[in-house]
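As a plain string of letters, each chain reads:
2 protein chains.
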Amino acid sequence: MDNQGKQSKEQQILAAAEQEFLTKGYDGARTTSIAQAAGVTHAMLHYYFRTKEQLFERIVDEKFETISDSMFAIMGDPSLPIVERIKGGISAHFDFVAENPLLPRFVINEIISRPERYELLHKRIGDIIDNISNGLQSEIDHAAERGEMEKMDVKMLFISIMSLNIFTFLAYPFMKPLLGELMADRERFLAERKAENIETILRRIKKQ
Amino acid sequence: MDNQGKQSKEQQILAAAEQEFLTKGYDGARTTSIAQAAGVTHAMLHYYFRTKEQLFERIVDEKFETISDSMFAIMGDPSLPIVERIKGGISAHFDFVAENPLLPRFVINEIISRPERYELLHKRIGDIIDNISNGLQSEIDHAAERGEMEKMDVKMLFISIMSLNIFTFLAYPFMKPLLGELMADRERFLAERKAENIETILRRIKKQ
DNA sequence: TTCGAGTTTAACAAATATGTCTAACAAAAA
DNA sequence: TTTTTGTTAGACATATTTGTTAAACTCGAA
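Chains U and L supply the protein sequences, listed in that same order. Those letters in the first sequence? Residues 99 to 306, per the numbering used here, in order. Those letters in the second sequence? Residues 99 to 306, per the numbering used here, in order.
None of these hints come from the bench; they were simulated from the model. Incorrect hints may have been included.
Note: identical chains are not told apart, hence a pair may lie in one copy or across any two.
DSS-like mimics (lysine-lysine), calculated; alpha carbons at most 30 Å apart, straight line [said to hold, decoys possible]:
hint: 1; residue 1: K305; residue 2: K122
hint: 2; residue 1: K107; residue 2: K161
hint: 3; residue 1: K122; residue 2: K304
hint: 4; residue 1: K274; residue 2: K249
Build out the structure end to end from the sequences listed, making use of the hints.
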């Protein structure tokens, strides 16, 4: 109970901090507000994490890990035929973003406002991109030679997939009141968007 | 010189405020920093705009006007055949966002963090969407009946266009170091993205 | 039981940000 | 010239926010 309670306090602060930073950003977040949401005095927050900055770093590290995973999801299952593989990759990535709808905005904001911090992230993401560029690109090239799909730059393909999947969640609060009765239900709208994104990309890579 | 100088001070503050708010957001912006960038004392900022909030409102109003214009641009030239019209709409919208690359992030952030303020915007954008849904949708339906293009929900089409065009600029700081030598030149990358987005949407609406 | 490490609280300190006030100043009107 | 209106700078006030400190408490181990 004590050790679990100790872990728990720290975890409570982390959970409250995650929520606050993801919704309000670094500048909008308040350490007192985080402490209050976590049910501890604000001195406790400083006791465990020293400064707001260090607490933020903890959240950032955790979230960048998640981002790496999401990019990996786009790669799809290498044992499937290429078109099925891409289809599965889009679907998995869409689901990933649906599970973490606040994440893209957070990452975009933090990278734009503090570009200097992220050499590490760039290195890690860069490795993933290189994997993709090497492995998947040659597979696409071979499939294209066999006439199974259109020849295509894999980086461009990935940007398009991320655009379609991520923007849906970035702009959802903006679009929601404009969609009309048909789309008022979030689940239904997301299902239709997912299908639409898959359709759009599959047509893009279809040999014609 | 005097009257023009007076106008100029207010304009200087507005220009500095626009830059500060667009890059740092409301919470990150500092009135003293805005005043300094404008070359005036911070008392002047309060003299002209009373509060940070009111100064911010001025910028928001102006930027929402721009957003409305950008959505209108997607509609394209009604005198063109439908496929050409859509192609032109994508291109015009892409150029619009390229001219205002910081705007999407600003709007998304403000809407997420202060949803209550934007009934007015929603009404205005809602009218634009209705125009589109009525006018363009029926034109698309007719073209589809004539076999000129695929039958398609115009709202879904617009979301896809906005996704592809806007995300490019939202994520550019993130992607830039990952693109490799080929894309290192911003102008070249944007030209290729624009062509790719047009190709993607045209294939989506092409009758097959 | 007493010792001590780790935990917790409340009070305090310092910095920063927004906003106000007064007095000086400039330019145009009376 | 005097008055009036609007502009500007500097000092001041207030509130908020982050961060510190010292003392008290908890609980297991010696």
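Original post:
Which numbered hints turn out to be false for this structure?
Top reply: As far as the earlier hints go, 1, 3 are violated by this structure, in ascending order.
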